[in-house]
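> Here are the chains, one letter per residue:
There are 4 protein chains.
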Amino acid sequence: MGRRHAENLARSPSVDLVRVVDADEGAARTTGDELGVEWSTSFDDLLQDPRTEGVVLATPTALHAAMVEQAAAAGKHVFCEKPIAIELAPTLHAVEAAAAARVKLQVGFHRRFDPDWAAARERIARGELGDVYLFRSSLRDPRPPDMDYVSGAGGLFVDVTIHDLDTARWMVGEIEEVTAVGAALSDPAFETMGEVDHGIVMLRFASGALGVIDNSRASGYGYECSAEVMGSQATVRIDRHRRVHNEWLTAGTASVERVMTFTELFQDAYRTELESFAAAIREDRPPAVTGGDALAAFMLACACERSLHEGRTIRLEREEGPGGTAYQLQAIEAKGGSR
Amino acid sequence: MGRRHAENLARSPSVDLVRVVDADEGAARTTGDELGVEWSTSFDDLLQDPRTEGVVLATPTALHAAMVEQAAAAGKHVFCEKPIAIELAPTLHAVEAAAAARVKLQVGFHRRFDPDWAAARERIARGELGDVYLFRSSLRDPRPPDMDYVSGAGGLFVDVTIHDLDTARWMVGEIEEVTAVGAALSDPAFETMGEVDHGIVMLRFASGALGVIDNSRASGYGYECSAEVMGSQATVRIDRHRRVHNEWLTAGTASVERVMTFTELFQDAYRTELESFAAAIREDRPPAVTGGDALAAFMLACACERSLHEGRTIRLEREEGPGGTAYQLQAIEAKGGSR
Amino acid sequence: MGRRHAENLARSPSVDLVRVVDADEGAARTTGDELGVEWSTSFDDLLQDPRTEGVVLATPTALHAAMVEQAAAAGKHVFCEKPIAIELAPTLHAVEAAAAARVKLQVGFHRRFDPDWAAARERIARGELGDVYLFRSSLRDPRPPDMDYVSGAGGLFVDVTIHDLDTARWMVGEIEEVTAVGAALSDPAFETMGEVDHGIVMLRFASGALGVIDNSRASGYGYECSAEVMGSQATVRIDRHRRVHNEWLTAGTASVERVMTFTELFQDAYRTELESFAAAIREDRPPAVTGGDALAAFMLACACERSLHEGRTIRLEREEGPGGTAYQLQAIEAKGGSR
Amino acid sequence: MGRRHAENLARSPSVDLVRVVDADEGAARTTGDELGVEWSTSFDDLLQDPRTEGVVLATPTALHAAMVEQAAAAGKHVFCEKPIAIELAPTLHAVEAAAAARVKLQVGFHRRFDPDWAAARERIARGELGDVYLFRSSLRDPRPPDMDYVSGAGGLFVDVTIHDLDTARWMVGEIEEVTAVGAALSDPAFETMGEVDHGIVMLRFASGALGVIDNSRASGYGYECSAEVMGSQATVRIDRHRRVHNEWLTAGTASVERVMTFTELFQDAYRTELESFAAAIREDRPPAVTGGDALAAFMLACACERSLHEGRTIRLEREEGPGGTAYQLQAIEAKGGSR
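Chains as they are written, first to last, in the working numbering: chain A, 22 to 360; chain F, 22 to 360; chain S, 22 to 360; chain B, 22 to 360.
Hints were generated in silico from the structure; no laboratory data involved. One or more hints might be untrue.
Facing chain S, a subset of chain B residues (Cβ under 10 angstroms, in silico) [unchecked claim]:
{"hint": "1", "residue": "L38"}
{"hint": "2", "residue": "D152"}
{"hint": "3", "residue": "R190"}
{"hint": "4", "residue": "S207"}
{"hint": "5", "residue": "A239"}
Ranges between beta-carbon positions, derived for each pair [said to hold, decoys possible]:
{"hint": "6", "chain 1": "F", "residue 1": "R123", "chain 2": "S", "residue 2": "A146", "range": "24 to 34 angstroms"}
{"hint": "7", "chain 1": "A", "residue 1": "D289", "chain 2": "F", "residue 2": "S253", "range": "26 to 36 angstroms"}
{"hint": "8", "chain 1": "S", "residue 1": "M22", "chain 2": "B", "residue 2": "A300", "range": "58 to 68 angstroms"}
{"hint": "9", "chain 1": "S", "residue 1": "T271", "chain 2": "F", "residue 2": "A210", "range": "43 to 53 angstroms"}
{"hint": "10", "chain 1": "F", "residue 1": "A48", "chain 2": "S", "residue 2": "A174", "range": "46 to 56 angstroms"}
{"hint": "11", "chain 1": "F", "residue 1": "E195", "chain 2": "A", "residue 2": "G151", "range": "36 to 46 angstroms"}
{"hint": "12", "chain 1": "A", "residue 1": "E354", "chain 2": "F", "residue 2": "G194", "range": "33 to 43 angstroms"}
{"hint": "13", "chain 1": "A", "residue 1": "A227", "chain 2": "F", "residue 2": "D167", "range": "47 to 57 angstroms"}
{"hint": "14", "chain 1": "B", "residue 1": "R32", "chain 2": "A", "residue 2": "E354", "range": "43 to 53 angstroms"}
{"hint": "15", "chain 1": "B", "residue 1": "D289", "chain 2": "S", "residue 2": "G194", "range": "34 to 44 angstroms"}
Every residue gets a Cβ at the ideal spot worked out from N, C-alpha and C, and that includes glycine.
Extracted from the complex, chain A is given alone in its bound form (with noise of 0.2 angstroms):
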């Protein structure tokens, strides 16, 4: 992701790439020669070269809370990759430090970039669905990614959910409760770790409105990123992402190829969200994904490994905060009474 990020920036017609770090000088090198831009292996250096505005982080995940407290120190604006950590504690901190240091903190819920989720979500806001009644979206990997990355990346639903999560508020808006199932099905080692591979969570949004989301490690045929919002003027879906337009027909069947991972679908959402990050900090205004949100989805993340393991609806507490657009969760409850 921070070589494409790089790329972007490179080609982008509004911004100006100073520089690459990477800890792995090869790395740094190589991608700042190939790109024509200075490189250098120090995060600090980074951050006190006046001429950066904003820096743009693709680190491993354990290093993400630390680095935006950095750059907040050094008053740079953050785009962080999602999640900024995978406990409470540094999450919170890190968004709170951006906010008291007056930083701009954008996380990477490039879903929201996208052209058809836009388009989906623009006609949603404009009232065209009329009353919500249900929230329904899947994110699928193919295959199982390697089980180190696994160990570290806070579990299924820190890891992957997270992104359904954010397009549900974005979507429908505020969540109030979550209950949650797993299942580890596609090899034995899920188990051994203690993790899932699939998951299923229900959600009930505060306008009263149901939303189920499903995501899997090993779908097989693919990678998926699809949703459906159904209300009471109208229905939509985002599906069926192909890889090219053609249909292949042979005896009897009629055949389409599909999207297989991520970068192949998100191509343009992940130029189009650092576009709006330098936008944000040119015209100085919130970005579009705040760390307010990368807050909320991180709660809810937690709240349906809670109802997992607890097999119970969790409902969680939110306060507007003073300052209008945070966002903050305050408990998290479980709900064993009746409806």
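Use these hints to put chains F, S and B onto chain A, whose structure you have.
Just chains F, S and B now, with coordinates in the frame of chain A:
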């Protein structure tokens, strides 16, 4: 449905329709005359007619269980619309009465007879999906039925979800846990009656696979009956049911006509399920959908109801009966501990 | 087809099937016994039976014209498979004989009775397309018939294209010019016989609209019967016929099953065309497809054949007959000058 | 298109955009300033600039041929929008001038660079279709251009069909015969000008395969650029281009948004064709679309025009040039005899 069944029987190449019975004399006469068969208002007469081998019940749900028992007592095979009853005791009693009398009891889970579903199930049964990881199904009506119907329907799970629960068992296998949420969204009358018009149910199969069902009484856009079964080797989807195969293009838009009603979609299935019932009688073999199947789907629906009210996962115990074909749900336990 | 028609008639709610006739006694007996009706090997007996109001002919093409005339002479209405003959003189003679005897003559252009096509045609007839600019249709068989059939079929245009020509007239209106090309591609036997197995025909309608038809005897992938009508206000497409609504997903691919045979696709249409014929008799009105329609499509097919051989556009003259419903093609002229 | 090309070049990772030139000083300045490159109103200055390796022409068609010759004389490689001219003589002259000067001449047949088309072509080239039997393509604009444009465009075949003719050659191979019809349907102005706004062309390939192209200047529903190639082993279709992957459901209807303009559909192709041109210069190899290709498509379009006016099939003679890559159409003959 009674009229539809009678027409299908009258035109069947393999069945002789002996008589139509309706408590309403006018309806009985009209139907009998139009189809060119005897008519009467007395169910007893029908049961005593030695020419009658089997009866098809499309009466109000409240009458089903007693009529199944009467038919069993008279030694007649019975086809009964689902559900047999909206309470466990009469359901169980009716199923046992049919078993004791050694008459065949088939329940109206018509989806099993639809060409799309049958083709998918056959490929699953042949192992073409590999290990099943995920089952997903949607059943949605465009508009709520009238509230009189709703009040006697036994709730969304017993009235609607029961079809998806049967499909889940039929396609993937036995179910061990259900977790349900629901909401009253389209009409305040649902809330007043303590009912929901939208529901989501998560399933854990005995195989370990997960499942999810969503139901709506107010989809607005049309009748939806779709499913997906995802496996390690392949995934099958049944959806996008159109009224005609035509695409209509106007400036910037391509549209197709969807089915609006279940009778439109399942025309063939309604005919085939009766042919299958007749064949089971003729060939003296168990019907394709047994009383045990009806009981299992009903108890799963009851477990959903309990999960909805308690906000937690419900586990069901199964025990294979001595008859081999019997399926029993012995107990339902709330699950509130760790996974 | 004879067997299929007999089955549909035996099950029809509005028709009494009196008798099946087949020159092959075994076939006649088997069909009659299975359907529970009389059988015989004599067409004469059938014509002399006073109970017979109409006959359905599914004999070899070479017998059609004479049998239509016999039926007309006996005062029986006739449903005849297309084409009436592969020469103009017997076609014309048979049509005129039926007209003179005032018996109804319906020809087997079954596509007019298919729900998809009927729905499209109805919307066109209501003016929803505005002015029609372009008609396009494809009719393709997966594999060539055996060469004996081909040698007696009258050529691709008379055997296959005739269906599209009828559809074009029915949907858009009268045709004034045809221009055809063809090629023998799948099997050298076609070339040896002076036949083509692929053909394309361009049409100019009396309204000014253009049309194009393509036909293949060797599509390989399946049976194709699709069309598009493009108008100033809207465009309609009929295509993508599937065997079941299932989508099958494997790594990187989503596939659906297509129809392979015309009997599979037009099951309903074959039933409906006979119901429509019976209704025309019962209600004493012109059949939905007249002898005039058969004659028009046949003459258009002949014009295609001439265009293919002469390498130029062929213009047809029409003259409305005194009966109002009559359609006559008086002359075919080659057009070789400027537009 | 000039602006679009300039933007793509300015952002290209492999090209240095030296200068933008526009006869209109204001346009030149605006574009140059926005893209951060030099600007001028003089084509001569550009040609004399030693830094310039190649030029991209998006001027009015009437200027193309002369500018190609100027560029060739200056030893600059040329990318030129199609057609080079609307007459044969200047087209031929320009192609020959580029060849004589040994500069690369690439023509803007962008479809060859679209991912859908390129993927289909690659599978065809690998032989996956077996023997090709049928080629079909549609190119349609939603609304006619203004009549000033039409009057200088060289007719429908030279302006529009030329793209399909190039695609047909590229995908299936050389063409030996064309037969065309056309009509003026959407606006009486076309007839007044002796022009058509709808056309259909049938092709006979050197391989024996048949082809058909339909074009419209007034489809109403949107921009259409679709194709089908049917072979003995498989068939490929490229169609159903959507703006977004969203499906919108309202009562009884499911609709998708289609592309309305060619710029929307071919965004990637316009970028890729210039990258390909730059790579051909850099690697000193023939461009992906040569002057010979431009000439061939142009002569086929002229043959269509002649067929339309004479009402007969036109046969084209080819002769392979000494350079190996050269393609020449020596003669066009009317075919009016038997096949």
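> Next step is simple, just say for each hint if it's right about the structure.
Results of checking the hints against the structure:
The beta carbon of L38 of chain B is not positioned within 10 angstroms of any beta carbon in chain S (closest approach about 37 angstroms), and the interface hint is therefore violated. A cut of 10 angstroms between beta carbons decides the hint on D152 of chain B: the least distance to chain S is about 7 angstroms, and the hint holds. A hinted interface residue such as R190 of chain B counts as satisfied when its beta carbon comes closer than 10 angstroms to some beta carbon of chain S; here the least separation is about 18 angstroms, so the hint is violated. At a threshold of 10 angstroms, the smallest CB-CB gap from S207 of chain B to chain S is about 7 angstroms, leaving the interface hint in force.
Residue-level restraint check for A239 of chain B holds (minimum Cβ-Cβ distance to chain S is 7 angstroms; threshold 10 angstroms). At about 58 angstroms, the beta-carbon gap between R123 of chain F and A146 of chain S misses the expected band of 24 to 34 angstroms. Separated by about 32 angstroms at the C-beta atoms, D289 of chain A and S253 of chain F satisfy the suggested range of 26 to 36 angstroms. Checked against the given bound of 58 to 68 angstroms, the beta carbons of M22 of chain S and A300 of chain B, roughly 59 angstroms apart, stay inside it.
At roughly 46 angstroms, the beta-carbon separation of T271 of chain S and A210 of chain F lies within the given 43 to 53 angstroms, and the hint holds. Separated by about 53 angstroms at the C-beta atoms, A48 of chain F and A174 of chain S satisfy the suggested range of 46 to 56 angstroms. E195 of chain F and G151 of chain A have their C-beta atoms about 39 angstroms apart, which keeps the hinted 36 to 46 angstroms range intact. Roughly 35 angstroms separates the CB atoms of E354 of chain A and G194 of chain F, a value that falls within the hinted 33 to 43 angstroms.
A C-beta distance of roughly 30 angstroms is found between A227 of chain A and D167 of chain F, which places it outside the suggested range of 47 to 57 angstroms. With their beta carbons about 52 angstroms apart, R32 of chain B and E354 of chain A fall inside the hinted range of 43 to 53 angstroms. Remark: the range hint 34 to 44 angstroms for D289 of chain B to G194 of chain S is upheld by a beta-carbon distance near 42 angstroms.
Of the numbered hints stated above, those contradicted by the structure are hints 1, 3, 6 and 13, listed in ascending order.
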